[in-house]
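Asker: One line per chain: the protein sequences are D and F, in this order. Note that this note's numbering numbers the first sequence so that position 195 is 195, with each residue one more than the last. Note that this note's numbering numbers the second sequence so that position 90 is 372, with each residue one more than the last.
Read the hints as simulated data drawn from the structure, not as lab findings. As the structure is a prediction and not an experimental result, all values here were calculated from the model. It is possible that some hints are incorrect.
What the hints assert, rightly or not - Below, computed lysine to aspartate or glutamate pairings styled on DMTMM-like, alpha-carbon distance capped at 20 Å:
#1 LYS341/F / GLU416/F
#2 LYS330/F / GLU217/D
#3 LYS22/D / GLU333/F
Chain by chain, the residues run as shown.
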Amino acid sequence: MTMDATPMSEALTPRDYKSDIKPVWCPGCGDYSVLGSITTALAELQLPPEDVAVVSGIGCSSRIPAYANTYGFHGVHGRSLALGTGLKVARPELTVLVASGDGDGFSIGGNHFLHACRRNIDLTYIVMDNRVYGMTKGQPSPTTEPDWAESALAPGGTGLRPFHPLVIALASGASFVARAFSGDLMGTAALIAEAIRHEGFSFVEILSPCVTFRPDEREWRKQVHPSPVEPTDDPARAARRIMTDDGFNTGILFSGERSAYAPARPEGPVVEPAYFEAEFEV
Amino acid sequence: MNEPKKITVEQMLARAFAIEREAQARYADLADQMLVHNNQELAELFGKLAEIEGKHATKIKQRAAGAELPYISPLAYRWPGTEAPENVDISVAHYLMTPHHALKMALAGEQRAVDYFEDMAKVAADGDAKVLAEEFVEEEREHVALVKAWLAKYPEPPAGWDEDDDPPMLQE
Numbered sequence: 001m002t003m004d005a006t007p008m009s010e011a012l013t014p015r016d017y018k019s020d021i022k023p024v025w026c027p028g029c030g031d032y033s034v035l036g037s038i039t040t041a042l043a044e045l046q047l048p049p050e051d052v053a054v055v056s057g058i059g060c061s062s063r064i065p066a067y068a069n070t071y072g073f074h075g076v077h078g079r080s081l082a083l084g085t086g087l088k089v090a091r092p093e094l095t096v097l098v099a100s101g102d103g104d105g106f107s108i109g110g111n112h113f114l115h116a117c118r119r120n121i122d123l124t125y126i127v128m129d130n131r132v133y134g135m136t137k138g139q140p141s142p143t144t145e146p147d148w149a150e151s152a153l154a155p156g157g158t159g160l161r162p163f164h165p166l167v168i169a170l171a172s173g174a175s176f177v178a179r180a181f182s183g184d185l186m187g188t189a190a191l192i193a194e195a196i197r198h199e200g201f202s203f204v205e206i207l208s209p210c211v212t213f214r215p216d217e218r219e220w221r222k223q224v225h226p227s228p229v230e231p232t233d234d235p236a237r238a239a240r241r242i243m244t245d246d247g248f249n250t251g252i253l254f255s256g257e258r259s260a261y262a263p264a265r266p267e268g269p270v271v272e273p274a275y276f277e278a279e280f281e282v
Numbered sequence: 283m284n285e286p287k288k289i290t291v292e293q294m295l296a297r298a299f300a301i302e303r304e305a306q307a308r309y310a311d312l313a314d315q316m317l318v319h320n321n322q323e324l325a326e327l328f329g330k331l332a333e334i335e336g337k338h339a340t341k342i343k344q345r346a347a348g349a350e351l352p353y354i355s356p357l358a359y360r361w362p363g364t365e366a367p368e369n370v371d372i373s374v375a376h377y378l379m380t381p382h383h384a385l386k387m388a389l390a391g392e393q394r395a396v397d398y399f400e401d402m403a404k405v406a407a408d409g410d411a412k413v414l415a416e417e418f419v420e421e422e423r424e425h426v427a428l429v430k431a432w433l434a435k436y437p438e439p440p441a442g443w444d445e446d447d448d449p450p451m452l453q454e
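Based on the sequences and whatever the hints tell you, model everything.
Answerer: Right under this line is the structure:
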């Protein structure tokens with residue numbers, strides 16, 4: 001049945017993908033909109049909630065699995081991609097979304113990020129980048145500007161060159177790279193839907209303001225702009241564009257055709273949970 | 283605007299329903315935010331707004347007289363802005379915001395709905411669709427007037443309303 005022919009009463013709406021748990025993010029936080037974008041993307045694709053898993057690490061953004069009415073796993077710091085990879089390999093029929101923040105994803109989980117891009121497993125990696133560790137009260141993160149001096153832990157700023165996640169993703173082999181802004185809920189939803197459709201490792205960096213520790217990021221609304229060019233499948237061209245843009249260019253920046261890696265599943269019967277229970281029995 | 287050239291009665295009703303339903307969901311989300319952050323007054327106000335939008339959505343469904351409206355994905359509506367016209371901007375919420383701020387947001391949303399249906403009336407496929415769009419314009423104008431009257435009870439708070447000597451911190 002096509003979407004146009006689906007009666008309203010039978011269609012899954014964004015609300016159907018939201019759990020009953022009330023988010024505890026600060027009012028005004030960009031992550032509320034990202035949650036709305038994820039649920040809208042899932043409704044756009046009409047994916048049964050039981051066929052979707054949202055996996056995360058630690059941080060404000062990593063609370064998302066609790067707020068989604070799908071399978072979810074709130075993992076340990078920086079390990080969301082390891083968890084997501086394991087899940088996708090074991091259950092390839094699931095749509096696996098991995099949610100993270102700039103600290104969780106690029107610092108604590110930086111190594112997993114490189115190798116997830118390299119493996120190109122069919123995951124959608126959503127990083128809510130607010131350029132600060134919000135949950136722990138505002139320390140600089142890998143993507144913080146070198147001269148951001150509002151943190152007591154880095155008086156005068158870190159002076160360090162920020163990590164450039166899109167270029168790193170591209171260089172490491174991600175087959176889909178996009179940048180979004182949380183303030184554009186529908187535009188971000190469209191990018192996430194496209195990332196889910198894409199076969200392979202899809203990386204969506206979402207600029208998601210932290211209104212509590214980075215109130216200056218409310219200005220991002222005035223700075224973001226859609227990419228003026230069509231997506232390219234040429235990684236060299238994409239790299240040049242990303243390296244030279246202003247950091248506020250949104251849209252699909254690279255969409256390649258490298259085949260997704262899917263390891264062969266072992267022959268024979270699926271191991272039942274009882275096997276592992278016996279293995280770890282004390 | 284990017285709407286299809288000719289809008290039928292069913293498409294108009296589906297859009298009107300989506301506008302109210304999305305506004306209802308947005309106000310409900312804001313009510314939850316305010317409840318979590320202990321702004322009881324705003325939680326109740328946003329809850330009331332959600333309830334009102336829900337009633338509007340039900341009214342539109344009843345107007346469809348049992349006809350099954352088509353499901354149109356939120357991404358397929360092609361609203362004039364980035365979201366449905368009545369959706370208030372979730373990113374401007376603040377845990378210390380007052381009824382004045384909330385009602386100003388609501389007023390802007392209702393006015394966008396007036397503008398939207400005025401445009402829809404211009405691209406209606408036939409007389410019936412045009413009449414329906416004009417009826418929605420009138421209804422949304424009534425909503426504008428109601429919210430204006432409501433807002434009049436809450437004058438703008440003095441500068442510094444958002445200052446907090448002991449701000450809450452989010453902790454795991």
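Asker: For each hint, tell me whether it holds in the structure or not.
Answerer: How the hints compare with the structure:
no.: 1; hint: LYS341/F / GLU416/F; result: holds (16 Å)
no.: 2; hint: LYS330/F / GLU217/D; result: violated (31 Å)
no.: 3; hint: LYS22/D / GLU333/F; result: holds (18 Å)
Hint violations for this structure: number 2 only, all remaining hints satisfied.
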